[in-house]
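**Student:** Just so it is clear: in the sequence shown, position 72 is 76 by our numbering, and no numbers are missing.
It is worth saying that the hints were derived from the structure and are not from the lab.
Among these hints, one or two may not hold up.
List of simulated lysine-lysine pairs, BS3-like, C-alpha gap at most 25 Å [said to hold, decoys possible]:
id: 1; residue 1: LYS8; residue 2: LYS77
id: 2; residue 1: LYS65; residue 2: LYS77
id: 3; residue 1: LYS77; residue 2: LYS92
id: 4; residue 1: LYS95; residue 2: LYS84
id: 5; residue 1: LYS92; residue 2: LYS8
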Amino acid sequence: MKNKLEMLGLNTEFEELNIHNFQEESFQNNVSFLDFDAVIIGANFISSSYSESTTSPYQNKRLLSQYASCQIKEDFARIKEQLVELLKQGKNIFILIGRNENCYVYTGEKNIVLRVKMLV
5 MKNKLEMLGL NTEFEELNIH NFQEESFQNN VSFLDFDAVI IGANFISSSY
55 SESTTSPYQN KRLLSQYASC QIKEDFARIK EQLVELLKQG KNIFILIGRN
105 ENCYVYTGEK NIVLRVKMLV
């Protein structure tokens with residue numbers, strides 16, 4: 005029987021607290037949430053870890069590069085899928101809501117912008 009609670013911090017800044025059985029990862033890292041009993045997601049400034057386009061800003065907001073635009077959409081889709089599975093398994097998810105700036109991403113269509121919104 006497993007006695008210790010394994011926790012994952014995604015985009016949090018708790019690593020310096022030296023919490024036992026706590027692993028810190030960035031939003032972009034492809035880590036399986038299913039290996040943990042609890043996941044803490046820091047929603048503060050997620051888009052700031054993705055690179056900007058050389059033509060940024062667009063309409064006075066950050067415009068992510070084409071590569072980063074694809075990456076952030078893939079990351080959100082992957083994380084959403086894993087969160088749904090965690091909930092099905094009855095595991096704990098904590099989302100720390102914070103300040104998040106709007107930004108634009110390339111969509112691959114002629115109209116190049118789409119606002120990035122939070123999962124929740």
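**Student:** If a hint holds in the structure, say so; if it doesn't, say that too.
**Tutor:** Going down the list of hints, with the structure as the test:
About 34 Å separates the Cα atoms of LYS8 and LYS77, which puts this hinted pair outside 25 Å; it is violated. Between the alpha carbons of LYS65 and LYS77 the distance comes to roughly 18 Å, so the proposed pair stays at or under 25 Å and holds. Distance restraint check for LYS77 and LYS92: the Cα-Cα separation of roughly 23 Å lies within the 25 Å cut-off, and the hinted pair is therefore satisfied. A distance of roughly 14 Å separates the Cα atoms of LYS95 and LYS84; the hinted pair therefore holds under the 25 Å criterion.
A threshold of 25 Å between alpha carbons decides the hint, and for LYS92 with LYS8 the separation of about 21 Å falls inside it, so the pair holds.
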